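Each number in our numbering corresponds to the 1-based position in the sequence shown with 100 added.
These aren't lab readings, by the way, just hints derived from the structure by calculation.
Check the hints yourself; a few may be wrong.
Said to hold, decoys possible - Straight line, CA to CA, 30 Å or less: simulated DSS-like cross-link-like pairs of lysine-lysine: (1) Lys267 x Lys297; (2) Lys297 x Lys195; (3) Lys162 x Lys152.
Claimed, not checked - Pair by pair, the computed Cβ-Cβ distance ranges are: (4) Ala239 x Pro322: 32 to 42 Å; (5) Leu219 x Gly273: 13 to 23 Å; (6) Glu175 x Gly273: 40 to 50 Å; (7) Lys217 x Val183: 18 to 28 Å; (8) Arg199 x Tyr220: 31 to 41 Å.
Only a predicted model underlies this, so the values are computations on that prediction, with no experimental measurement involved.
Even for Gly, the Cβ is constructed at its ideal location relative to N, Cα and C.
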Amino acid sequence: MIPETSQAAREDQPQADVPETPTPAAESPAAVATAEPAAAPTVPEKKWYVVKVTSGRENTIKEAIEKRVKIEGLEDYFGQIVVPVERETTVVKGKRVTRTKKLYPGYLMVEVAFNDKILYLFRETPGVGDFVGAGPRSAPTPMKEHEVQRMLGQRPEAVREKPAATKIRFSRGDRVKIREGMFANMEGEVSEILEAKGLVRVMLKIFGREVPVELEDWQIDPAS
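Between the sequences and the hints, there should be enough to build the whole structure, so can you do that?
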C-alpha cells in the first residue's frame, strides 16, 4: 500500500514559480496617438465656358450631355449647362403673343472643371462642335465673371414686349453693336442675313477667334 502524503508535507514542498500576468499600465494622454481626421475630398474648381453646338438642337444636346455625365461618373467635374432663353411678348395684328426664344442659337453655356475627360465627353457627343476659344493644344478661356452674371440673368422670368419685326435693317458688311445679353456692347460685322429665320448673323471676336452669332434685328444697333 502506498502511504498517503500528508497535507502538511505537500505544503512544505517548494512551489514552482508562476509568472504573474502584467497589469496593463494606464497610457498617458501623451502616449495615445491622436487619429487625424480624414481630409475632405478636393472639389474641382468649375468655371463657365461657351460651347458651339448644332443650331436648333440645343436642348437635345444638353440632355445628351447630362445623361453621359451620369453614365461616366463625371458629376464631380460637372456643374450646370444652360441654354440661354427668354420669354418675350410681341404684338402681332393687335394681339399679344408670348413665346420662349433662344438668345444665342447654336451655343451652350457650361459650368465644368475642364480636363481631358470633360473635353472627350463633349467632343464625342453628337452635335457638339468645340469649346469656344480652344486651340489644338490649348485649353479654352473661361468666361469672365461679369459675363457669367449677365448670362445667368437672362432667364425666362424676364418678359419683354416689343413690336413685331417687319424688316431687317442691316446688310452684309454692316458694322453693328449688340444691345444686351452676354455679348452686350460687343461690336461685329454682319456676315449674312437669314431672311427665312428673320435673323442676322454677326461675326464677333471671342477669346481671340471669330465666332458667328445669330441675332434678331432688334437686338443690334448700328455701330457708331
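Results for each hint:
{"no.": "1", "hint": "Lys267 x Lys297", "in the structure": "12 Å, holds"}
{"no.": "2", "hint": "Lys297 x Lys195", "in the structure": "21 Å, holds"}
{"no.": "3", "hint": "Lys162 x Lys152", "in the structure": "12 Å, holds"}
{"no.": "4", "hint": "Ala239 x Pro322: 32 to 42 Å", "in the structure": "36 Å, holds"}
{"no.": "5", "hint": "Leu219 x Gly273: 13 to 23 Å", "in the structure": "36 Å, violated"}
{"no.": "6", "hint": "Glu175 x Gly273: 40 to 50 Å", "in the structure": "46 Å, holds"}
{"no.": "7", "hint": "Lys217 x Val183: 18 to 28 Å", "in the structure": "23 Å, holds"}
{"no.": "8", "hint": "Arg199 x Tyr220: 31 to 41 Å", "in the structure": "36 Å, holds"}
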